[in-house]
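As you go down the protein sequences, you meet chains A, B and C in turn. Under the numbering used here, the letters of the first sequence match residues 191 to 868, in that order. Under the numbering used here, the letters of the second sequence match residues 104 to 675, in that order. Under the numbering used here, the letters of the third sequence match residues 123 to 438, in that order.
No wet-lab data here; the hints were simulated from the structure. Certain hints may be false.
[Claimed, not checked] Pairs of lysine to aspartate or glutamate residues, derived as EDC-like cross-links and limited to a Cα-Cα distance of at most 16 Å, are as follows:
{"id": "1", "chain 1": "B", "residue 1": "Lys478", "chain 2": "B", "residue 2": "Glu531"}
{"id": "2", "chain 1": "B", "residue 1": "Lys599", "chain 2": "B", "residue 2": "Asp557"}
{"id": "3", "chain 1": "C", "residue 1": "Lys186", "chain 2": "A", "residue 2": "Asp724"}
{"id": "4", "chain 1": "B", "residue 1": "Lys278", "chain 2": "B", "residue 2": "Glu317"}
{"id": "5", "chain 1": "A", "residue 1": "Lys637", "chain 2": "A", "residue 2": "Asp557"}
{"id": "6", "chain 1": "B", "residue 1": "Lys241", "chain 2": "B", "residue 2": "Asp253"}
{"id": "7", "chain 1": "B", "residue 1": "Lys140", "chain 2": "B", "residue 2": "Glu175"}
{"id": "8", "chain 1": "C", "residue 1": "Lys418", "chain 2": "A", "residue 2": "Asp556"}
{"id": "9", "chain 1": "B", "residue 1": "Lys478", "chain 2": "C", "residue 2": "Asp414"}
{"id": "10", "chain 1": "B", "residue 1": "Lys457", "chain 2": "B", "residue 2": "Glu573"}
{"id": "11", "chain 1": "B", "residue 1": "Lys569", "chain 2": "B", "residue 2": "Asp370"}
{"id": "12", "chain 1": "B", "residue 1": "Lys575", "chain 2": "B", "residue 2": "Asp285"}
{"id": "13", "chain 1": "B", "residue 1": "Lys413", "chain 2": "B", "residue 2": "Asp370"}
{"id": "14", "chain 1": "C", "residue 1": "Lys186", "chain 2": "A", "residue 2": "Asp556"}
{"id": "15", "chain 1": "A", "residue 1": "Lys741", "chain 2": "A", "residue 2": "Asp556"}
{"id": "16", "chain 1": "B", "residue 1": "Lys241", "chain 2": "B", "residue 2": "Glu175"}
{"id": "17", "chain 1": "B", "residue 1": "Lys309", "chain 2": "A", "residue 2": "Asp740"}
{"id": "18", "chain 1": "B", "residue 1": "Lys457", "chain 2": "B", "residue 2": "Asp550"}
{"id": "19", "chain 1": "A", "residue 1": "Lys741", "chain 2": "B", "residue 2": "Asp285"}
{"id": "20", "chain 1": "B", "residue 1": "Lys140", "chain 2": "B", "residue 2": "Glu127"}
{"id": "21", "chain 1": "B", "residue 1": "Lys520", "chain 2": "B", "residue 2": "Glu547"}
{"id": "22", "chain 1": "A", "residue 1": "Lys741", "chain 2": "B", "residue 2": "Glu119"}
{"id": "23", "chain 1": "B", "residue 1": "Lys617", "chain 2": "B", "residue 2": "Asp489"}
{"id": "24", "chain 1": "B", "residue 1": "Lys309", "chain 2": "B", "residue 2": "Glu332"}
{"id": "25", "chain 1": "B", "residue 1": "Lys309", "chain 2": "A", "residue 2": "Glu752"}
{"id": "26", "chain 1": "B", "residue 1": "Lys241", "chain 2": "B", "residue 2": "Glu209"}
{"id": "27", "chain 1": "A", "residue 1": "Lys741", "chain 2": "B", "residue 2": "Asp370"}
{"id": "28", "chain 1": "B", "residue 1": "Lys575", "chain 2": "B", "residue 2": "Asp141"}
{"id": "29", "chain 1": "B", "residue 1": "Lys309", "chain 2": "A", "residue 2": "Asp556"}
{"id": "30", "chain 1": "B", "residue 1": "Lys265", "chain 2": "B", "residue 2": "Glu284"}
[Stated by the list, open to error] Selected chain B positions facing chain C (Cβ under 8 Å, derived; list incomplete):
{"id": "31", "residue": "Cys399"}
{"id": "32", "residue": "Lys478"}
{"id": "33", "residue": "Pro629"}
Cβ atoms here follow ideal geometry from the backbone N, Cα and C, with glycine treated the same way.
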Amino acid sequence: MIMDLASTLFGVMASAYALAIIIPLALRSNYTLSIRAGLSFVFIASLSQLILSSTIMIRGSSACLYGYFCIDSFSALFLAVIGLAGLSISLYGMEYMEIYKGLGGAWAYSLMVSLFLSSMAMLCISDNLLLFLFFWEVMTLTSIVLIGWEYGEKHVVRATKQYLYTMLLLNSFPLILGVSMLWAGYGTLQLSSLEKIIDDRSPAWLLSIIMFYIAFTAKAGLYPLHFWLPDAHPAAPSNISSLLSGVMIKMGVYGLFGVMLRYLHPPVILYYLLLVQALLSIFWGSIKAVGENHAKRLLAYSSVSQIGYILVPLSLSAITLGFDRVLSALLLAAGLAYLFAHSIFKTLLFLTSGCYIYVYGSAGLDDVANIGAVSRTAMISIIVGSLSLAGLPPLLGYIAKLSIYASILRGASPLYSVIAAMVIALSPLTLLYSVKYMAPALRLVEKKVVRGRIGYPMRAGMLVPVVLLVVFGLYSIFGLFTSISMRFYGVAGNASVEAGLIHIISPYGYYFPLIVFASIGLGLLLGYIDRGKDVVTSRVWTTGYIIPPDKHLIRPSHLYIEFSRIFEPLTGFSHEVYECLVWRIPSKIVYSGIASRITRFFGGLNTWFAAKARGLAEKYSGIREFKLDELAGSSVVAAVRVFGNMARLIIVSPIALFTIALLILSVIILVILLFWWV
Amino acid sequence: MVDFWRRNIEDLGREEVVGIIDRELHGLYTEKYGPTKDLIIYLAPRENIREIIRRLMTFSYTRLSVIVGNDERYFRRDFSLTYIVAFDKQNLYIGVRAYLPEHDPEIQSIADMVKAAWWNERENRDLYGIEFVGLKDKRKLVLPEYWPDDAHPWRKDHPYNKPVMDWREGLPDYKPVGRHEDLDVIGMGPYHMINDEPIHWRLYVKGEIIVDAEHRGFHNWRGIEKIAEGRLTYNQIPFIAERICGICGFTHATSYVQAIESLAGIDIPDRARYIRSLMLEIERIESHLLWVGIACHILGFDTGFMLSWKIREHIMHLAEILTGNRKTYGMDIVGGVRRDVLGDRLAKARDSVKKIRYEYRELYNMLVNNSILVKRTRGVGVLPRDTAISYGVVGPVARATGLDIDVRRDHPYAAYKELSFDVPVYSEGDVLAITLVRLDEVFESLDLIEQILDALPGGPLAADVKGIPENKEAVGVVEAPRGEDIHYVRSGLYNKIQRWRVRAPSYANIPPVKEMLIGYRLADAPIIYASVDPCLACTERYLVIDVDTGSKKIMTDDELRAKSRKLSSRIG
Amino acid sequence: MDECMLRTVWVIVLILLGAFMAPVLDGLRRKIRAKVQRRIGPPLLQTIYDLSKLFSLQPVLPFKNMFMIVTPYIVFVSMLVLSAAVPIPYVPGFSTVFDAITLLYALLFVSVLVVLLGLALPNPYSNAGSAREALTVTVFEVFIAFTIVGIAYKMKTLNLYGLAVLYGFPGNYLRISTLFLSASLFILAYIESAYTPFDMGEAETEVLGGPYLEFSGRYYGLFLYALLLKRYILLSLPVSLVLVSPVAAVLRSLVSGPLLSVLVLGVFTLFLLITMSVYSVIEALYPRYRVDLAFKPLILASVIPLIGLVMGWLGW
């Protein structure tokens, strides 16, 4: 019965994703219609995905489809995360993408979003490493295109290139290498069968573990390998940034736990390393976010720190696994709860930063003000999202954070106390930057407004996560995560894990948000009764002189200037190091050395193709202007157009060539290794 | 700005220095005369003024004290400008005077070279319509923004009671010169917690860090000098002079009467000299304790505030015992003092000083040993020595930057020549140094009071004043609690003065605050500003009636006298 | 009377106690500070008179904005409700369902609302005050973290009621680690309440009251009351755990039932007044820190709970 339902929903999901590719292509002459049609199908796909995953999570069963795809409750959680984000961003994008109307290519956008979401969904459920690798690469490539969507902007091009470099060097290459090692070593890539035969600790196993570790932590944006993230996430359109920060970096977490921990039995020392990296990530991301003055960059740095919060309990859980499975399950549940919460509120926050861009034309924190006058929904979303981010009661963010503290404090040895102290001590940095993100939007001053209104699709897109944050804050779903984690580790008995929490935190601790909610409600009621009927308004107090109100404040970018200054030597130095190691040197060697020549060649090729295409176009329809979208009939031209578009977006951006070079390289290594081993 | 490579003339006597100056200025001036023994005036063509000032400022321990404008059109159809330069180690004031023709009152600005001229030039521009070529800051200083540009109230053809315009016609439209697009603006005052008197500071900040600052004051400027010139006689002025300020009023009165005595050549009796010194020192202690209290309050240390003001209460009681008034003693007249200090009250005064010394030492230890207080003031609001010289700062602020100047010692007056005291000097130039100078000075003042009480000579209270010579000029200087208080007086016809220029110490000390603020935090701004002990009432020459005497002001003279007699008898 | 009813009664009693004690403690603070400064000082109930005056005044606000009107009420009501969560042994209010982290985070939530309001107003003074408050909270969190973790490690619970009862048991109380943790609790309450060296956020002579600058009348009254309640709640943490808990542990063997609760409540009130007197004397002796100067002592102070934590590991 569950199989039937699962395969039906899976079918609906897959066909909706496919339709999201095809229908916009048919409607490509009308940008708005095309976007809306495409995103509607994405919405349907996400919805069915959500139903599928929640069914599996709640029932606690697992389903295997077509032999290669297995959905258990752990994967289903990730599916649910993707589905929830998909719901919001598809609704939101219907209106938001109007900003990018000038760039055209609605069908390409739908194509990319659909591919991006579906590839993430598929890699979470694929049981075969080759499939996993394939979907992983599709995810990376589509995200490259989406990040580079505003290809005219210089910073976007730079961010895209940097992302591309990083993903090739630290993602594709190690992953391919690792997979080929495993294939060479064990002769199978089926994960469920790998798990059984992988107990001998061969060099192939070790190397593949290391390679996977590099790839997954780089994707997760963990501390030393996070450098691509703060540039790449803000470069994309806001709803895509939501996906990148809300969902894509969690694929790294899935890789680390859903693939590595579950099937490959990595050594524990790796998770100690992960723990250290996660703590560094928390610190570094928070510090940088506090100093950041661009809303989306701030959120991107916040993602670096939040992934640390997710990975601290998760890595502790892997460490604990050897001697206390109940505690381990508890820690895993806490980590997953935080992952779930972070995905929801980070999706929401990036959507609200999109509101900044939509309304004020800029996401600079100094340019936004009083968003409540434009849209109350946006204001509420910003407040709810930021408070969740800061982990303040009574929202879901608080519940998740409390789970982390409670589960770590449950541990009996000093290690846990130290980790808990560090996590608690670092958490108000989050408060600092979430206030910095939220306060400018609430400032009661006038600022230039580009669009005076936010429409229903965007509001609906933001309301989905808002409602979830409030509802899950009121009604704790921590039990769901404990059941997932216990099934993940094969621990029996729900009660013992719950008892672990009770041991340190109040028995009703999770229901206390009700009290806070009630007092907030009472306060609202009193305020509503008051309504300020007898209030006299007067000017802001400027100590006796008339000072222009737009100058008479401390602008957000200057708020914590003294605090940021303390860490300036540290951040400045490491910024230089990154610039040098990751960007300048590779770009000198690779870009100006090899890639530029190939680029020139491909650029020439592209020009040639374009000229051919123009010729074809003129030949077939007599239209002088080269507008491929209007040439519905010519499939050849459409193919060339696709190629041209892709070439412009991907291949012409020179590093793609580097990818190809690396792919070839890794295939060669693979072949050599095969021979060597066999 | 002038390069302050300064020639050391500290050890030279007055005659030698005058000789050096004569040689130095040879050919630049046309005439030289000395109206009094400590004031020498050089007349010079206006083109040479800048060069003369530049040369005078190359000596050590010289500073531009004040620029006095005067309307001499009744004598020679000209305006005059007198640049008074103080030679602190020679007890000498050099005045450099230029005459500017009535139809073309124009002179080269020196504000870029000597910062002390900055406010003086703006003031003369406002009041006489003298145009300073090269003066960058052409905003109004003392007059309100909406004052018409062609009305200059200090000109003699502008009577003191002539209304120029209805003040309600326009609101002040303050135009800041600073254009800092990437900075935020914080207005500090005129109604701010720390401002006991109205002043407007406009801070340009980056976060909490001050990048630039602007000042706008003189909200209470009422033209007391013009009133004095217009309708008061020589002997009435000490009483209005004392009401210029509620804190250091007696220094103003003393300064004025000293100027008159100097130009009339009057030698005042010893007892009067000692009584003046006594009252001046009492006033200094009272003022410093007030400042200490306010500084503590600004730093959030209310206990220090309360204790300091408690001691201040003793000193005010002491003043009441001696003069009948807690403040605004009303003691000075031309030629001496008005009221004697009765013998039976001296013993009380001695007890009182002992008590104050004991309590003050406790307070002193408490403040100096308070680590947070020291942390909050050390290295804050540093005034570099060169800047201090250029702005011509005086008093504790100057002594905190290492400038060893004190009018009591350098230009002795009253009884200070016969008394011994130390002048505390620190070199850091920060708020802590300024605070320590003030704290130390209180001990010195207590010593001085004891010395005076011991050595108080007998004799008459006032000299016989035969009459004030007409059309003579002199300066009177007194070390006020905040520094050198200089009064320039020129006598006129019919028992009235022709020109009276009051330069209170805060007039020299407030302009450099702008530079002291830059680079520090919003949290430091109040204490930096307060560190110069800004006395706006003096600076703006406005009548401030102290709260304690305010109610008495509306009484008739007789009632007042009766009341003070009654009070005195109760105390006695 | 069933347990639910009993608890409801206690919640109401605790709220009433908080609502009364918060201004009285402030009155005591003012009185004692006046004594240190050799003044007579206002009467003990002066803060109540002040509040009633504020509530009767007509408010003047720069904007007639619902955000500005509603927030004071939310802040006040939340604080009032939280005052039912003060941990007093054998007085089961909300403390049975609250844990220490939750309480501190709930207080933080209320501070954040105030900070947010201060940042939303176009006034650099309230902006600066709010930013300072946020910074102080951030830096001080290191101290709070060590204290919480130390207590959790030592007492094996963070439930406020459980803590209040367990803290005073001889096995827990008569330990060196507990000594350090108790000291840190007192420091925590002092600094988090923003008494004088740490009142940078609303420094009147510098930033004119910070976030509260633009509020007047009953809105300022609500904020003020909420601030006093916050101080009361914070003060009750060390008072009840360190001072009342061992007394209650002794009392428990003598009496039981509601009488025990009432007695403990009386002891609590007494210790509250004594502790407040000590705090007031300390407060009167220091000037205010500047934010950047305060960082160092705030961080350095965390050595005390750290020692407590380490001693807890060693089992001392």
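Violated hints - listed by number, lowest first: 2, 7, 8, 10, 12, 13, 14, 16, 20, 22, 24, 27, 30
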